[in-house]
Amino acid sequence: MAILSLALKSLVNRRFTAGLIVLSIALSVALLLGVERVRVESRNSFANTISGTDLVVGARSGAINLLLYSVFRIGDATNNISWKSYQHFARNPLVAWTIPISLGDSHKGFRVLGTNQDYFRHYRYAHKHPLHLREGRPFQDVYEAVLGYQVAKKLHYRVGQKIVIAHGAGMTSFALHADKPFTVVGILDPTGTPVDRSVHVPLEGIEAIHKDWIKGRHVPGLHISAQQARKMDLTPKLITAFLVGLKSRIATFRVQTEINDYRKEPLSAILPGVALQQLWDLMSIAEHALLVVTALVVAVGLVGMLTVMLAGLNERRREMAILRSVGARPAHIMLLITGESLLLSLVGVVMGLLLLYTTLALAQPYVESHYGLYLPLGMPSTREGIMLGLVAVAGLLIGLIPGYRAYRYSLADGMSIRI
Amino acid sequence: MPQSPAIQISELRFRWRSNLPEVLYIPELAVARGERIFIRGPSGSGKSTLLSLLAGVSLPSAGEVRVLGKPLSTFSGPQRDHFRSDHIGFVFQLFNLIPYLSVLENVTLPCRFSRARRDKVLKTGATLEDEALRLLEHLDMGDEALIHRPVTELSVGQQQRVATARALIGAPEIIIADEPTSALDSDMRQAFLRLLFQECEAAHSTLLFVSHDRQLEPLFEQHIALDEINSAGREGP
Ligand SMILES: Nc1ncnc2c1ncn2[C@@H]1O[C@H](COP(=O)(O)OP(=O)(O)O)[C@@H](O)[C@H]1O
Ligand SMILES: [Mg+2]
Chain H
1 MAILSLALKS LVNRRFTAGL IVLSIALSVA LLLGVERVRV ESRNSFANTI SGTDLVVGAR
61 SGAINLLLYS VFRIGDATNN ISWKSYQHFA RNPLVAWTIP ISLGDSHKGF RVLGTNQDYF
121 RHYRYAHKHP LHLREGRPFQ DVYEAVLGYQ VAKKLHYRVG QKIVIAHGAG MTSFALHADK
181 PFTVVGILDP TGTPVDRSVH VPLEGIEAIH KDWIKGRHVP GLHISAQQAR KMDLTPKLIT
241 AFLVGLKSRI ATFRVQTEIN DYRKEPLSAI LPGVALQQLW DLMSIAEHAL LVVTALVVAV
301 GLVGMLTVML AGLNERRREM AILRSVGARP AHIMLLITGE SLLLSLVGVV MGLLLLYTTL
361 ALAQPYVESH YGLYLPLGMP STREGIMLGL VAVAGLLIGL IPGYRAYRYS LADGMSIRI
Chain Z
420 MPQSPAIQIS ELRFRWRSNL PEVLYIPELA VARGERIFIR GPSGSGKSTL LSLLAGVSLP
480 SAGEVRVLGK PLSTFSGPQR DHFRSDHIGF VFQLFNLIPY LSVLENVTLP CRFSRARRDK
540 VLKTGATLED EALRLLEHLD MGDEALIHRP VTELSVGQQQ RVATARALIG APEIIIADEP
600 TSALDSDMRQ AFLRLLFQEC EAAHSTLLFV SHDRQLEPLF EQHIALDEIN SAGREGP
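Going line by line, the protein sequences match chains H and Z.
Heads up: the first sequence runs through residues 1 to 419, numbered per my numbering.
Heads up: the second sequence runs through residues 420 to 656, numbered per my numbering.
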């Protein structure tokens, strides 16, 4: 089309201004898509935190609270549950496996999780992914530990290293179980879940380091050495929570009701999928607010284009009169001006995509190692495609405003512009 | 059958908007084909307005304008635009060129809008660029260095010659020049006019030349004083 090639030449002639408009549109488009990609990926990674587990059981509390401390290892349990109750449900004929979890201690800001070998056997994340050791083996002895990927990486720990566990979850906990150090025997592969930030030890280890503690305080004068503790009964009396895998998912509600109605102790059994969804919904307000803000940034970019196009229009009345004199119709003039806006937004969209992919490629390793979030470089999703299309259409619609003004000018001016 | 006159006006009245006074009232005017007409009149007397009526960019409030025998008022807007691109070449007083097009692109611009003018050029066996170069050469603008210069860097006289080449390309029947020489100094005006006459003759085009410079008047065969034929604002009979 002859007019569109004129539009292109006119833009090339004003390449500095045009470049600035394209840059502002490209930046806003890259921001929009970047936010969208982070949003989708964090939702995915969030939903991938735990999989294959049918029920999560803890002391009676809200579903989200239980999910937060047992799966995300954030915050603390209001109450523990007894080993007896755990044993009772672990032996239930409908139950295929269980994973006991004991929380409360930490190591340099990372949560320490007491569990047993079943953790390595049955724990699943993402699409039924089992845990995999990149180095070493699962713990066997009382004083052995397996580190999540991030723990080993951040603290530069290797297999064979001795670590000391602190009482309580705080970063600045001074109450150390210094007399009973643990040996690192294994390091897990990254999972992108809270497992990466956990230190895993046997339940017996948790029990052993607390032998000379009562109600969270070291008993003065009482000292039980690591070797002495070994010889004592290290069966835990309390755990924090346990995960349940059923033989058949059909039994889920039956077992859930059974646990919730358990007479001897107030327990809560939740469906992790449902609780994850609830938790995500809590955050979706912020998520949508973010998306709205970035959409507004795109709008600001397009309004910038509108301003520049409108401001330049008056100077171009002469050009329009010349075009009219050689036979251009008012509609041609409108197409010229609107076409320029469309070209600017199309180039802006393409540059925005390039910018997004460049940024993603550069930021990918950092985001993955710091936030456990893998940002894929894949082709734009349908939703992203629709967003890009909407930006281009918005650019076209906004271009109709100066286009229509130019149309009116060229009708009213005739060819009698004197500058 | 004799050829219809280039321009024929009867009882033409024009006002820019209904609340503005009448700018033009021309009871009668005819221009034969191939003539070179000098149109003079003081500034603001409606010369440019008359030209835009002849070009079909504006429509008369009353009366009739026939160009090459065609009553323009009966045409639709796009038809008038098309008619203009096919049959009329324009040169304005100043700023004639599209700043983002090269010299050659400016000259060949009408051929983007008029198939008739493009075909007329191509029928001679030349490309549009060849023809543009030929016209520029005739107008003393054949210099390679000049042709590749951005149009905004050309002198006013050079710009006017490029604009003239653009008006002439594809040999339209009518050339309209609206004070094309008023920005030139007087030696250049004479030279410019000679070139313009020469090319109009070669293309058999009718030339309507508007100016308020009476020194140029003797070079033309026909003269119209717009303030004499325009009865707008005077008491009607
Ligand atoms: N686009 C326009 N809208 C309204 N009035 C106009 C327009 N162009 C010219 N006029 C008016 O029409 C009259 C004649 O102008 P014009 O034809 O340009 O005169 P000239 O070319 O003889 O100097 C002037 O009063 C001018 O103000
Ligand atoms: Mg004028």
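Because the hints were derived from the structure by calculation, they are not lab data.
Treat the hints with care, as some may be off.
[Said to hold, decoys possible] Within a straight-line C-alpha distance of at most 30 Å, the following computed DSSO-like cross-link-like pairs (lysine-lysine) qualify:
1) 9(H) x 542(Z)
2) 9(H) x 539(Z)
3) 128(H) x 211(H)
4) 108(H) x 211(H)
5) 84(H) x 237(H)
6) 108(H) x 237(H)
Output the indices of the hints that this structure fails to meet, ascending. 3
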